[in-house]
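Undergrad: Below are the chains, spelled out letter by letter.
There are 2 protein chains.
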Amino acid sequence: MPAAVAGPEIEKLIQLLARLPGLGPRSARRAALFLIKKREQVMTPLTTALQTALEKIVVCKICGNIDTQDPCTVCTDTRRDQSILVVVADVADLWALERAHAVNGRYHVLGGTLSPLDGVGPQDLSIEALVKRAHEPEVKEVILALNATVDGQTTAHYITELLTDANVKVTRLAHGVPVGGELDYLDEGTLSAAMKQRTLF
Amino acid sequence: MPAAVAGPEIEKLIQLLARLPGLGPRSARRAALFLIKKREQVMTPLTTALQTALEKIVVCKICGNIDTQDPCTVCTDTRRDQSILVVVADVADLWALERAHAVNGRYHVLGGTLSPLDGVGPQDLSIEALVKRAHEPEVKEVILALNATVDGQTTAHYITELLTDANVKVTRLAHGVPVGGELDYLDEGTLSAAMKQRTLF
Ligand SMILES: [Zn+2]
Ligand SMILES: [Zn+2]
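Residue numbers (my numbering), protein chains in the order written: chain A, 1 to 201; chain B, 1 to 201.
Don't take each hint at face value.
Capping the alpha-carbon separation at 25 Å, the derived lysine to aspartate or glutamate pairs in DMTMM-like fashion look like this [as the list claims (entries may be wrong)]:
(1) K61(B) to D90(B)
(2) K37(B) to E98(A)
(3) K169(B) to E136(A)
(4) K12(A) to E138(B)
(5) K169(A) to E136(A)
(6) K169(A) to D184(A)
(7) K169(B) to E138(B)
(8) K37(B) to E136(A)
(9) K38(A) to D70(B)
To be clear, the hints were calculated from the coordinates, so they are not data collected in a lab.
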């Protein structure tokens, strides 16, 4: 959009919207126009929500979750099983597991996975803090809920090594057929893992 | 995301982001996390850009364009050909034509197209104002730059009828092969229009 058409303020808004994952330059323009048209219904409340989030959102110093309280809602929930620590790469993974009601323990967010190619080493992740937590007497199991990718599995192995001294069982998520998944769309690795880890019907 | 995980403020932010065109609930969650992570680089400037836009953006009372001044930059640009009025459905179309440097005249934004199915009638669009502008003595040509859809063409016909009394030439965009378009992907209507309106090489 030439600056002469709509002014630098709108151009700036479009540029910033275009940085959001999922929005390109074209859809950012559409999003900006949508916001301007839905001024009262969307633009004003979104601006307020962003301001509130800027003021209130904190990173949990215990687990790395994002919340409006520190320690976070999960860490302060005493009904959760304190013996289980679920290691995730990212807050998005924590939220996904919570949506699935898949976890009754607590979490530890690494902040990424080891990736030599991207220059991500152990010091860039919250690994030292994880080892410390794994040594807390109440912790009995560390579940590595990491992506089934090369980087995810490299990270899982690295952590497993570090935890040999800790008095914990280290487990990881099962491989298998996704619920609703069709066999002929799955790769061979998944299929053979699903076959090996087959369970009684 | 259950409210218990990340607090109602983040939930609210995700809900509002999900209303943006191009973002679904899943990508809205990713966008929210991205914003929270890129607090200084993206979240704070985006919040400021939205506030500025909320304060400054106005709809041009002459043409319907969105700008930070009223009348807008296009309407106040005296170098533009005052005899040409380009009718578009939406501000997005105006911006697209400006990006293409396709127009040296002024614009008139209808605010949509006639759509009996969606209950959009002439009174819902800026048609009365268009007829008035088309009667201004300096206006010699009204270019209907409307979508080549049923609603767009219905609107074009309706406006053409209304303008029979005005002393203006009413034209519309040419049909044809899009630049870079491959013939075997085009529909028959486009192909036969492109053939009929063929030009000398
Ligand atoms: Zn926490
Ligand atoms: Zn204007």
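Undergrad: Output the numbers, in ascending order, of every earlier hint that fails for this structure.
TA: Hints 3, 4, 6 and 8 contradicted; others consistent.
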